[in-house]
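Chemist: Heads up: the sequence lines are chains A and B, in that order.
Residue 141 is where the first sequence starts when you use this note's numbering, and the numbers rise one by one after that.
Residue 233 is where the second sequence starts when you use this note's numbering, and the numbers rise one by one after that.
In case anyone wonders, no lab produced these hints; they're calculated from the structure.
Each residue gets a CB set at the ideal place from its N, CA and C atoms; glycine is no exception.
There's no promise every hint is true.
[Said to hold, decoys possible] With the C-beta cut set under 7 Å, the calculated list includes, among others, these residues of chain B facing chain A: (1) M295; (2) M453; (3) G459; (4) P465.
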Amino acid sequence: MALKPQARQKTSAGPRPARVANRPGPTPVVPLLPEPFAGWFADRGWQPRAHQLALVEKAASRRSTLLIAPTGAGKTLSGFLPSLISLAARRTRANTPGRRLHTLYISPLKALAVDVARNVMAPIADMGLPIKCETRSGDTSTAKRQRQRQSPPDILMTTPEQLALLLSHEDAPFLFGALDTVILDELHTLSASKRGDLLALDLARLRRLAPGLMMIGLSATVARPAELRAYLNEQETPETHITLADVIAAPPGAAPNITILEQDEPVPWGGHSARYALATVYEAIKAHKLSLVFVNTRMQAELIFQELWRVNDAALPIALHHGSLSLEQRRKVEAAMAAGSLKAVVATSTLDLGIDWGDVDLVVNIGAPKGASRLIQRVGRANHRLDEPSKALLVPANRFEVLECRAALEAAGAGEQDAVVDRTGGLDVLAQHVLGMACSAPFRPDELFAEVRSALPYAGLTRSSFDRILDFVATGGYALRAYDRFARLRATEDGRLRLAHPNIANQYRLNVGTIVESPMIKLRLTRARVRSGGQPAGFAGGRVLGEVEEYFVEQLTPGDTFVFAGEVLRFEGMQETEAYCARSNATDPMIPSYNGGKFPLSTHLAGRVRAMIADPRSWSNLPRPVAEWLALQQEKSAIPSADEVLIETFRHGTRHHMVLYSFEGRLAHQTLGMLLTRRLDRWGAKPLGFVANDYGLSVWAASDLSALIATGRIDLARLLEEDLLGDDLDAWLAESLLMKRTFRYCAVIAGLIERRHPGREKSGRQVTMSTDLVYDVLRKHEPGHILLEAAWNDAASGLLDLRRLGQFLGRIKGRIRHQALQRVSPLSVPILLEIGKEPVARFAREDLLRDAAEDLIRSATLSDDPEPAATTKKKNMTGEKTSHGHSRSQTRAPRRGRIQ
Amino acid sequence: MAILALKPERLDAGEFNDQPISICGKSFRADFSGALYWPAENALIVADLHLEKGSAFAAKGIMLPPYDTRETLTRLAEAIDRYQAATIILLGDSLHDEAGASRLTTEDRESLAILQEDREWIWITGNHDRTIAHELGGHVLDDLTVEGLTFRHEPTVGRATHEIAAHLHPAAKLSLHGYSFRRPCFVANGLRLVMPAFGTYTGGLNILDDAFYPLFGTDGMAVWMLGQEGLYPIAPRLLRPD
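Model the full assembly from the supplied sequences, consistent with the hints where possible.
Modeler: Printed below as a string of structure tokens:
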């Protein structure tokens, strides 16, 4: 509230209302806004937008509402306007008793909450409103968090995880009892995920604690608003009828000005680095005030950042921002952006959501955006004013991406968005929530069941699943009732369930949340390893640079160089839970290959890409190398029509390839590759491996696949029948690492195993067992356990993308077009180029061990018996009694008496 | 971009079922289950069973599947069957805690009794089980010396010889073809040996950890990693720290 008006920048002004050229006379709509709001708008020569007023009106009649407004339409202020008005009015009442929390704002990102707090505090300060507005996150000090619970602010801005924590406390009824409004920002990014499941359950609890609670959902982009509207509402009779919240849709802003980078240099066949285009990107950065360069992965961010600085002759201030960097470093970049002292920022999705800093006038998207919604979201970062079109440059990294960028552009132009997949709530999330509720207060199962079912993701939950989850929370839910006496929940005499011990609440609080990243490892700068007298000592510690995924560190060997935080680092080794690295002078660091993107190509864009390829008339709009590439494909092989799938078989080197152009995204293709190789193996086609990307996959074999198809020994229609998703899938999945990883996530979320907390780990690793052991034991002894069921559901809908694969198999029935070729086809080149980019071969672990052992045996380095000579010396050194003739009955054991 | 390469059929798994290990001239066979067989004495040695670790966790509110003891005893029975050993030496930490014996289910207790029948059964105490309940039968010793070799739970710090110990739960991390993973392992240098933990819910300590340095130094260490189907001698140069 101490913010001075001049500190308020254009970009942080929040409302972004249409600027009216001449100061308007009173219009019919303005009276809807009470003072001092009407005056505040008028003083700035602004007029409230129609959707802002509409939301105020909805709020006046206490209607939960979804507001869909494009980025830059003053969406966030709109969401807060009803609360601000109501809180401002409260001031006029005398003798207001102790403050209670009035409005809760939930955002998917901590950083977003901080940013929004800034934007909302500005008008509060301008109007001198006595409204206290605070943020709360994992970074908030313990003292402040304690204080917030005892004497809450009027408006609290936080994340779903913090809400879950707050609700698990005994004082939750006090804290939330007077809650009036919940604002859910960027709801579309939360709803269809486990975080969304947990949030939905927490909202159901809030509705019970504060009857009549109003929900306001904010969403920049949504294809199927009905889902979000239902998510906002309490579902009282989910069997028969789903109720929807109201909806307000703001008019779309000026059409974005998006161009695809096209230049004389030919677009590469494969790869994701877009290195070929960076000189042009650099020129674009030079020509604009502030550019945001978006990439899909952290590794890509590091690489692009590195490459941009390589061509940065003018030493422009170009910064890097991604989620693995230390908080301090990110804050520095954010502050520099806001201060206007940067020229460009290379960023991943950490900057993806509604955050806006500084005057971004160009968004560059490296690689394909993978989905139309994502593209619009990112482009929306530029020129955060509706009346000016935002400007964006798409930089395809390879030929398929040119097509994909085109498709995304067309989709954006047509205002189309990707579909949101509806989901049923995770059982692991439910287990976590049940324990959290027990931490807050004893509960009646019937009541909690009804409450849980009022949340949309759990509307279809059966009582038997709910009861199994209760049993899981209490005792682990095992058929062998070995743990009944250790139950975490116990029945009270009046039929409620209560926590058996207060310690369990502490355990819960350490494990709350649904984000199970692969464990993160801190990267610490060091000079060198200190050794003293041959004993390994430690590393000289320096500052923490940030965090990386454990799997990344695992593949490093001391001495390896890699890029992080824009520096080339040399991995020195691990010490406890930290990776120690030294600055390196290496100019060509070993950068591990990375996947094309975290996000698979959306179904919607895939459809457009297929249509584009199928229509030769549209090729003339494409860059010449790409058009020529497609024409060559038409000449050498075939162009499939939009509803066909093309399969090519050809020999390349010693391998016989089968390439499928299925366009179903990387995840579905990986699953398909696994299943096809298994089936081909059973049919005797001797498959050797496969590679998949977003657009298709290639399976290679030792047998001549063209001949096998020609002679009918492989029937392609039979190969791709829908029963592919049957027994083969089960058999493969049960043993797969993917399933084990999925199980680990479920086990952590459900509280079966504890999260690893850096710094809280016990020293020796021998005390922590691997989740794989638990998975193996459970699968062997209780295959029907509810957590295995939860993991299977997750794998099917998540990493396996089974739904999409199933749809694909259904779609291509009778529409398979096969081309037997003499050589590699033009279209297949980008897919074949993926081979060798990844560490080859998903070996079974047993194979790796056998390989290593055979290697050892071959090189005969195994010293079978290194005993001679050394033995006598050692004996004397240790003074060990080595007199012969000791037998079992003559031991020198102190408890000799027990020996017969 | 996932790549899968199916490996052609190769050596029979049987070839790696067990491996010869020699300690101070005495010949042993190390089994892929993590047990060690001493043909000359017809004795089978297993270490760190940590029976009832699951229920110990359950008492603390972590409800791991309650099948760990059953699983461990089943694997032990299979190993005993393979070698038909007359003497069983348990190298300490056989129970996860001293109260563990009281938490054994009736079935598991019976399985244990069946294994003990007609066999000499020697519990060596460990830091988790300084005493072993009488009703579990067998002999209880703090250590045992046979034919000049001493069997004890905690390895002697320093370059000791003639010792077969456990306690550290040795594990190795293999890095090959761009993949790496950890497995329990036997680690020895011809003069002493540290056994892998046999229990189902036991983690492992990387043998490149500082704790192993005083025992084996930096060279002369031979390593056998436990697979699902075999025991594999691994060149130390392929091993990585955690």
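Chemist: Next step is simple, just say for each hint if it's right about the structure.
Modeler: Verification of the supplied hints:
For M295 of chain B, the shortest C-beta to C-beta distance to chain A is roughly 3 Å, which falls under 7 Å, so the interface hint holds. Annotation: interface hint on M453 of chain B violated; nearest CB of chain A at approximately 10 Å, more than 7 Å. Given hint, G459 of chain B at the interface with chain A, holds; its Cβ is 5 Å from that chain's nearest Cβ, closer than 7 Å. Taking 7 Å as the C-beta contact cut-off toward chain A, the hint placing P465 of chain B at the interface holds, the least distance being around 5 Å.
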